[in-house]
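Q: Hey, can you work out the whole structure from these sequences and the hints?
Chain residues, written in single-letter form:
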Amino acid sequence: MTSRFRHILFLSMLAILILSASLGYGADITVTLTLDRTEATTVDSVRMKVSVSGVRESTSSPGIQGLENFYVTQGGTSSRVEIINGQMKAGVDYTYFLQPRQTGTFQIGPAELMIKGKTFQSNTVTLTVIKSDQATGSDKGPLFLVSTLSSNDVYLEEQAIYSLKLYIQANVRDISLHPLEMEGITLTQLGDAQEYQSIYNNQSYKVIEVGFALTPTKPGGYVIGPAKMSMTVLESRRRSPGSLFDDPFFHLTTGRPVTIASEPLTLNVRPLPDKGRPTNYIGLVGRFEMTSHLEPSTIEAGESATLTVQIKGLGKINLIPDLNIPSLNDTKIYADQPVLNVTKDRGGIGGSKTMKWAIVPEKEGQTIIPSLTLSYFDTTTHQYRTLKTPSYSLNVLPGQGQRDTPAIGSAKDQGADNTVKKAIKELGRDILPVHTSIKALSQPLSPTRINPMIGLILFGPLVIYGGVFFIVLFRKRSLESQTEITAKRAARKFSKQCRQDDLCANDLLLAIRDYLNEKLGLSLGAVTAHEASVILESRGASHEAVQYMRDIIQRCEDAIYTGQGQSPIVQDLDMVKLIKRIDKEIR
Amino acid sequence: MAISFHDRSLISPLLILSKKHVTHQYFIQMVFIPFIVCSLLFIVTYAQGQDQTGEEIFFKANLAYNEGRYQDAIEGYHQLIRKGYRSGQVYFNLGNAYFREEELGKAILFYERAKILLPRDADLNFNLGYALDQTQDAIPKSSDFITQTFFWINNLNLGELFLGFALLNIVLWGILLIRLFIKPEWTYYGVMIFLIPWSIAGLSFGLKWYQVTMDDRAVVLQEQVNIMAGPHSDDTVLFQLHEGAVILHERVEDEWALIRLPDNKRGWVKNGAVEKIIGAAYS
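Protein chains in written order, with the working numbering: chain G, 1 to 587; chain A, 1001 to 1283.
To be clear, the hints were calculated from the coordinates, so they are not data collected in a lab.
Ideal Cβ placement from N, Cα and C applies to all residues, glycine included.
Treat the hints with care, as some may be off.
Claimed, not checked - Quick list of in silico lysine to aspartate or glutamate cross-link-like pairs, EDC-like style, CA-CA up to 20 Å:
1. A:K1276 / A:E1250
2. G:K439 / A:E1250
3. G:K363 / G:D322
4. A:K1083 / A:E1160
5. G:K49 / G:E68
6. G:K439 / A:E1223
7. G:K439 / A:E1255
8. A:K1106 / G:D430
9. G:K496 / G:D583
10. G:K577 / G:D551
11. A:K1276 / A:E1055
12. G:K228 / G:D274
13. G:K439 / A:D1137
14. G:K439 / A:E1056
15. G:K344 / G:E39
16. G:K218 / G:E195
17. A:K1265 / A:E1102
18. G:K89 / G:D28
Unchecked claim - Among chain A residues calculated to face chain G with C-beta under 10 Å, some are:
19. G1084
20. Q1089
21. V1090
22. A1122
23. N1154
24. N1155
25. G1174
A: So this is what it looks like as structure tokens:
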């Protein structure tokens, strides 16, 4: 196992360990079913996703109800790990593509999934399938833009949904939409562009759809568009046959800038009618609903109840005014900051506005909270409507003579054992007492200045390590240089021994052994011809020199084993030259 | 009863001295040893007195505080600080005493000093919050990148961060030292495991040290102060601050201090009207 591999393995294991610990074993499991659109034609494909949160891997595929009217194609499974507000969550997403078989409004779901022996159910979604109104017979080519308007006749401030569909058969990139600017019309994009497959004129296209909420601010007739989109169409460019680059590897593409436009559309904007206009009408147009509730309906004098009013729907939510409760006798009213939630989806711009009041009656009896009203122009009925909350009656029991600090939504809490718990009343405020323990006099460690002791603790380990490191390095270098000196001396010593007149085979063999030991840092007790040749070859000596050395040692061994080890050996061998050569060749 | 002049057992040693009948042995027994014993007793008593002084002052100051003699308590706690007892608890008690004396600025000043040493003390955080609630000026909180990113350093004091880093420092370099001689596998994993906390602890200690030593916060001590456009009494009054406002202190020129608010309002104020939290008195 190499050091790098070991390093990567260790870090990966550490990361997995941290990840596993963070994910938590008993995380909540939730199943969510979503569609990429709520309306489609019979020739469109709709992407459906079943997201399972709280599990790390898929165990079984989900069973989904309500798919009888669709052709279903599996789009794959993917795992995900996400960090939300510092908490890590894992999940699995199952993707499907739905092709409607017929028109109608269909409820899809719930998706059911068996995880760890328990069945989990998702929400349901509704998909409206309309008939495709595409023209047939005319071929529009591989690239064209279609614009549609949900209604050609609207009232002032009424939203119309303007859709742009780019049909693509070619390979394109860098798609950009030219901004549409018209006086008297406000365009707001609704969400991100959607991509799906569709059929047009019996041909399959990839469709990129962008939706806009179109809100007229002046009455009159308008021409919308044409909308224009620019993009780069990629075209294949092949080299001439037989060319060196006529190979798929060198198959190049070039980009051609293209701008396409949709057909212009007409829009008629009617002014809001005067008939039936309420006196308190402030220009709100759309479709809205109002809900309200008062909790609790019975309280003690001095306690607070919370009135909540929520208005939600389609239209300019931010135009909804802050409603006011008229002042009531012996009752304090505290308004909370309204919460505005604006949404932009395929249905248009909408959302909700939630208002809350803390109502604190000071005397026992019945407190009547009058109804609150909001007028708007309804785009469904084309009439003015006024939303009203019911008139609430708050039953006030005798209190304890002291008024609560109003706390919206927290007047009373329900305990775990269903006992009613009261909010804690703060009766007074003061500082907490002095510290009296003798430990208060112990000196805290506060190293704001680097004194010798702190310096020693901070830098001592580094200095000690550095010192020891250099000592070890120095010693290692010393040993190496010692070995190097010995190696350099080895040839000189050997030459000196060879120059003796009465050099016998025994002495020559010992001299060769000593030379090899000193030169190569070995500790051989004796050396044979075979050993010497193996050692020298492994250290890079030439074959010729090795062979020569082998012969000399062989001759010495022969002389020793024939009883002539102490006799002077014939000096026809140029040992000094051989050793000098070996000295140069070996490492 | 007749007293014989020669009865030495009844004659005072001093008389003997005066009579010059004393010997060297007598001198050692009767003068030198008692002197040494007395000296030792004095030293021991003095030393004990020195040890007890801090405690005594502390108890007396606490007693004065509990009996409502807040000026005596303030003097006692200041005496302790002058003697070197610069603990967070003493600063806290001093802050309490100033609060009772209705000197809100000084109370906040000493609470802030205590907070540097006792960042997690619940009593201190409550009292400081309560004292800050009593101030008149709504000063925006400065958004500090360091404290937001390294949020844990707000809950640890400099000493704790130093000890943590020192421990990791010794362990890490110790393992590296072992690896100079032998390289068992555990030392490799040891270095890998300790390297990350060592780096974090070192960085945290460095940042905390910078935060503490470069702390330029100051507290307004006077009931109401005019913040001037320049270091002169006849300059334009830019705005007013009230007792207890925590501001940033830039520099001092003559008797004037240049101060700044987190929203970058700047101006000059008489130096005595504000006091730095990390000032000469603290360090």
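Q: Next, verify each hint and record whether it holds.
A: Checked hints:
no.	hint	result
1	A:K1276 / A:E1250	holds (10 Å)
2	G:K439 / A:E1250	violated (36 Å)
3	G:K363 / G:D322	violated (27 Å)
4	A:K1083 / A:E1160	violated (24 Å)
5	G:K49 / G:E68	holds (17 Å)
6	G:K439 / A:E1223	violated (35 Å)
7	G:K439 / A:E1255	violated (39 Å)
8	A:K1106 / G:D430	holds (17 Å)
9	G:K496 / G:D583	holds (15 Å)
10	G:K577 / G:D551	holds (15 Å)
11	A:K1276 / A:E1055	violated (28 Å)
12	G:K228 / G:D274	violated (38 Å)
13	G:K439 / A:D1137	violated (36 Å)
14	G:K439 / A:E1056	holds (13 Å)
15	G:K344 / G:E39	holds (15 Å)
16	G:K218 / G:E195	violated (33 Å)
17	A:K1265 / A:E1102	violated (28 Å)
18	G:K89 / G:D28	holds (10 Å)
19	G1084	holds (8 Å)
20	Q1089	holds (3 Å)
21	V1090	holds (6 Å)
22	A1122	holds (8 Å)
23	N1154	violated (16 Å)
24	N1155	violated (15 Å)
25	G1174	holds (7 Å)
Consistency note: the structure conflicts with the earlier hints numbered 2, 3, 4, 6, 7, 11, 12, 13, 16, 17, 23 and 24.
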